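Single-letter residue listing:
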Amino acid sequence: TQLLEQSPQFLSIQEGENLTVYCNSSSVFSSLQWYRQEPGEGPVLLVTVVTGGEVKKLKRLTFQFGDARKDSSLHITAAQPGDTGLYLCAGLHTGTASKLTFGTGTRLQVTL
Amino acid sequence: EPEVTQTPSHQVTQMGQEVILRCVPISNHLYFYWYRQILGQKVEFLVSFYNNEISEKSEIFDDQFSVERPDGSNFTLKIRSTKLEDSAMYFCASSERRQGANTEAFFGQGTRLTVV
Numbered sequence: 001t002q003l004l005e006q007s008p009q010f011l012s013i014q015e016g017e018n019l020t021v022y023c024n025s026s027s028v029f030s031s032l033q034w035y036r037q038e039p040g041e042g043p044v045l046l047v048t049v050v051t052g053g054e055v056k057k058l059k060r061l062t063f064q065f066g067d068a069r070k071d072s073s074l075h076i077t078a079a080q081p082g083d084t085g086l087y088l089c090a091g092l093h094t095g096t097a098s099k100l101t102f103g104t105g106t107r108l109q110v111t112l
Numbered sequence: 001e002p003e004v005t006q007t008p009s010h011q012v013t014q015m016g017q018e019v020i021l022r023c024v025p026i027s028n029h030l031y032f033y034w035y036r037q038i039l040g041q042k043v044e045f046l047v048s049f050y051n052n053e054i055s056e057k058s059e060i061f062d063d064q065f066s067v068e069r070p071d072g073s074n075f076t077l078k079i080r081s082t083k084l085e086d087s088a089m090y091f092c093a094s095s096e097r098r099q100g101a102n103t104e105a106f107f108g109q110g111t112r113l114t115v116v
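Chains as they are written, first to last, in the working numbering: chain A, 1 to 112; chain B, 1 to 116.
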């Protein structure tokens, strides 16, 4: 079983602070996706990273794929209350690109 | 904006009963998926479906589970004899092509199944 561990599980910070969420595995993934999930809703894709070492930016969010394609990070600059939510990483396995393995999730709360 | 639609949003059923969860994928999508999320746990893959057959399934997807595309628009998940541990949020997803680096899967809002 290929596992994706996210850390931290919970994060409560004040508006304006920076934060980094980590997604780690012992397995290699063909690509890795980051989702955000609101309560009572399905996951919504934020970004897909494909190449080892790749960095993608989405406004104040920076996503990085590890060189070995086993891990990834999400960095949020100057967090805002609207960033509050559950962040999920999910990997597509090399050779089996029809299913996602989701991480354990990081619940972020940003307060004023 | 096209979206994946799931019904019902919440289903309560007695243990041992059959339930059918319904999904309407995005119209031009060809690949369909079911995932589930037990409360407080991670999202888990159940099954993927393409060209009217299962392309991949997980260990969770045992003989109690089945999927069907009964017509050109619906994609259903049937649980024949529900158990308490089947209680979870079930998400349907669809993608235009086989999910990969340049193909996004779109998730529905989910159906919360409660087995009592």
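Derived from the structure by calculation, the hints contain no laboratory data.
Among these hints, one or two may not hold up.
No more than 27 Å apart at the CA atoms, straight line, and that leaves these computed lysine-lysine pairs for DSS-like [to be verified]: (1) Lys42(B) with Lys57(A); (2) Lys70(A) with Lys42(B); (3) Lys57(A) with Lys70(A); (4) Lys42(B) with Lys56(A).
Take a look, some chain A residues computed to stay more than 12 Å from chain B by CB distance [claimed, not checked]: (5) Gly16; (6) Ser27; (7) Gln37; (8) Thr62; (9) Ala90.
Partial list, computed: chain B residues near chain A (C-beta under 7 Å) [unchecked claim]: (10) Gly40; (11) Lys42; (12) Phe45; (13) Asn51; (14) Ile54; (15) Ser55; (16) Glu56; (17) Phe65; (18) Phe91; (19) Arg97; (20) Gln99; (21) Glu104; (22) Gly110.
Quick caveat: nothing in here was measured; it's all calculated off a predicted structure.
Idealized CB from N, CA, C, for every residue including glycine.
Hint by hint, here is what the structure shows:
1. Lys42(B) with Lys57(A): Measuring from Cα to Cα gives roughly 25 Å; hence the hint holds.
2. Lys70(A) with Lys42(B): holds, 19 Å
3. Lys57(A) with Lys70(A): Answer holds: lysine 57(A) to lysine 70(A) is near 19 Å, not above 27 Å.
4. Lys42(B) with Lys56(A): Holds, because 25 Å separates the two Cα atoms, which is no more than 27 Å.
5. Gly16: holds, 30 Å
6. Ser27: Given that every Cβ of chain B is farther than 12 Å from that of serine 27(A), nearest at about 14 Å, it holds.
7. Gln37: It is violated; glutamine 37(A) is separated from chain B by about 8 Å at its closest Cβ, not greater than 12 Å.
8. Thr62: holds, 19 Å
9. Ala90: About 8 Å separates alanine 90(A) from the closest Cβ of chain B, which leaves it inside 12 Å; violated.
10. Gly40: violated, 10 Å
11. Lys42: holds, 5 Å
12. Phe45: With Cβ-Cβ at 4 Å, under 7 Å, it holds.
13. Asn51: Violated. Min distance 12 Å.
14. Ile54: For isoleucine 54(B), the interface hint is violated, since the closest Cβ of chain A sits about 10 Å away, which is over 7 Å.
15. Ser55: holds, 5 Å
16. Glu56: holds, 5 Å
17. Phe65: violated, 15 Å
18. Phe91: holds, 5 Å
19. Arg97: violated, 10 Å
20. Gln99: Holds: closest Cβ of chain A sits about 6 Å from glutamine 99(B), inside 7 Å.
21. Glu104: holds, 5 Å
22. Gly110: Holds. Min distance 5 Å.
The structure fails to meet hints 7, 9, 10, 13, 14, 17, 19 from the earlier list, while all remaining hints are met.
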